[in-house]
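Residue numbers (the working numbering), protein chains in the order written: chain A, 1 to 316; chain B, 317 to 685.
Everything labelled a hint here was simulated from the structure, so no lab data went into it. Note that the Cβ used here is the ideal one computed from N, Cα and C, for glycine as well. Relax, there's no trap hidden among the hints.
Some chain A residues well away from chain B (every beta-carbon gap over 12 Å; in silico): (1) V174; (2) R188; (3) S216.
One side of the interface only, derived from the structure: several residues of chain A facing chain B at Cβ under 10 Å: (4) I124; (5) L247; (6) L295.
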Amino acid sequence: MNGLMAGVLYALVALGFVLIFKASGIFNFSQGVMALFAALTLVGIMEGRVPFSHLINAVFGTSVHHFGWNVPAFAAILLTMVVMVGLAWLVNRYIFRHLVGQEPIILFMATIGLAYFLEGFGDIMWGSDIKKLDVGLPQGINSTIDEITYNLLGYGFFIDNLDLWATFVAILLVIALVLFAQYSKHGRAMRAVADDHQAALSVGINLNFIWVMVWSLAGFVALVAGIMWGTKSGVQFSLSLIALKALPVLMLGGFTSIPGAIVGGLIIGVGEKLFEFIVGPMVGGATENWFAYVLALIFLVFRPQGLFGEKIIERV
Amino acid sequence: MFYREAGDFKTSYPEDGQTFPIKLDRFGFYAVVFIGFVIIPFVINDYWVNSVFLPFLIYAIAAIGLNILVGYCGQVSLGTGGFMAVGAYSCYKFMTGLDIWIGGVQYALPPINIFFSVILAGLVTALVGLLFGLPSLRIKGFYLAVATLAAQFFLVWLLNKWAWAYNYSASGQISAPERSMFGVPVTGSNTEPWAVYLFCLVFLTVLALIARNLTRGSIGRKWMAIRDMDIAAEIIGVDPLKAKLSAFAVSSFFIGISGALFFSVYLGAVEVGEVFGINKSFLLLFMVIIGGLGSIFGAFAGAAFLVLLPVFLKNTLVGGLGWPTDLAAHLEFMIVGGLIVTFLVLEPHGLAQLWRVIKEKLRLWPFPH
Chain A
1 MNGLMAGVLY ALVALGFVLI FKASGIFNFS QGVMALFAAL TLVGIMEGRV PFSHLINAVF
61 GTSVHHFGWN VPAFAAILLT MVVMVGLAWL VNRYIFRHLV GQEPIILFMA TIGLAYFLEG
121 FGDIMWGSDI KKLDVGLPQG INSTIDEITY NLLGYGFFID NLDLWATFVA ILLVIALVLF
181 AQYSKHGRAM RAVADDHQAA LSVGINLNFI WVMVWSLAGF VALVAGIMWG TKSGVQFSLS
241 LIALKALPVL MLGGFTSIPG AIVGGLIIGV GEKLFEFIVG PMVGGATENW FAYVLALIFL
301 VFRPQGLFGE KIIERV
Chain B
317 MFYREAGDFK TSYPEDGQTF PIKLDRFGFY AVVFIGFVII PFVINDYWVN SVFLPFLIYA
377 IAAIGLNILV GYCGQVSLGT GGFMAVGAYS CYKFMTGLDI WIGGVQYALP PINIFFSVIL
437 AGLVTALVGL LFGLPSLRIK GFYLAVATLA AQFFLVWLLN KWAWAYNYSA SGQISAPERS
497 MFGVPVTGSN TEPWAVYLFC LVFLTVLALI ARNLTRGSIG RKWMAIRDMD IAAEIIGVDP
557 LKAKLSAFAV SSFFIGISGA LFFSVYLGAV EVGEVFGINK SFLLLFMVII GGLGSIFGAF
617 AGAAFLVLLP VFLKNTLVGG LGWPTDLAAH LEFMIVGGLI VTFLVLEPHG LAQLWRVIKE
677 KLRLWPFPH
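Let the sequences and hints guide you as you build the complete structure.
Shown next, in the form of structure tokens:
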């Protein structure tokens, strides 16, 4: 069960990847760092920290840290969303607009650069200490499930309330995103852009708007993922490593498929816990570090497009 | 005016096919080799060797290796750190005497000379690289990039858990015993700056020449054909199996040697998770991108740039302005990330292309045409 929950969170991060990939053909490596950045910003705003306080203190010899107010969680989330939209606009304006039509692998490397930049930027802006994030999500063991399963099966399942919430939010998010992409006007425009830039342009779709929208959506998903992980284990650097875990999830599920991201996340989440439980003791443990990658690697050798991916057709 | 290609006539095929066909390039190369081998060893001290020259030389080897794979053959790899770790650990095993158990009987090799240990480490890494290169036949692009992450995490985990690899030492570290070349210690704690410098420089020079000639020759052209479009290359008769796997093997050989030197000569003691983590893979990839994809000179330029940048930032920000170290480290992240993006947007061919532009300018300057 724990694996299942971890899988849900992997899937949540993976969703951000799928979304951007479907809409712009960019494989966004910086998704995890965006989640970190969003969580950092959220904590910073909530606690009323002064942005760049370390830099300001170092340059001017002052010692400012906090504005001295606390922003309620809801308002802070909105403000963070504004920041993420601003970030999306900047990213589009200064990076990806110039890279239109480049090889996918060049775009991929640009997002690695972006990830590094954001990592340094987030740390300079808000400091690199581990922060506690609490937006009022319930935590602790869910006693109801414990009781029910104890009565039914004779032993209780220990499930964190937060994991339940994460699952719930992930499901909501997926439904919302699928509905958005399939039925709304902008969602359709988004898919059109992904199919063919020029054709989309010629039927009057505003490319810049769509791209900013896509990056904002990715920022939104990153924010949700950041809140979940941040509440669970504190806002710290390791948050961005989750992005690396989301990659095999994606490959397993297929880069272009939203259900694929979810199924892949569940398979990997459960698989790595099981593998650690069964095989781990024999080889010294800590197999979680690589199991996902090796599984995805072996899987891809037999089915290069992933579980639900579109068939790869190549032409000279 | 200052960079001349004209008036340099060849009368035989060997002359035409030499490594540096343009006279000015050739003399430039001789001058650099002369300065590197004859002048620098006499003037360097401990600080310069440890903070600038050794990392530069060793990263340059790895960057050339990675450039062969990414820049010439077009297979993006994020497993460089893992391969460097394999090089380091196998060098350690060869240095201290390899022991193998076959059917319950232990066969122990005597410790091998450090020079040959490093080369053997390269060969072992080439084999491992070959193994992890196999998926490249089925998957490509960023699928492959992610698949090579499997190599990164699996190898680091394996070397961390497999006690045989670090001779069952209690700390899980490997540390290089003192070994000498021609009676001069090059590993361990009693080394002279010039000795370790020259030791690495010899490797770099020979490997760079090999790389330059490989990439000019038929195999290099096959790699580039695969990079530009693998299906088209297959149709005109390039065997993708051979081309891709040879790129993986050669690249891993270079990276393995670099890892072996990094451990034995530069650091002396290594804990695999710390030194050869995913960040090392990214660092090397950045060197290749900033330096210039598909250029041997670019590998040098990128390595020099990313070795010098932190030293420079540290000296100016921490030493000069008195900023805290962590702030300088974050700023470094920002600058490196920003530079990657800037280079990809403005100059996708990196520093090497800037150098080509400068040469072009020097050819005409000061005349307009």
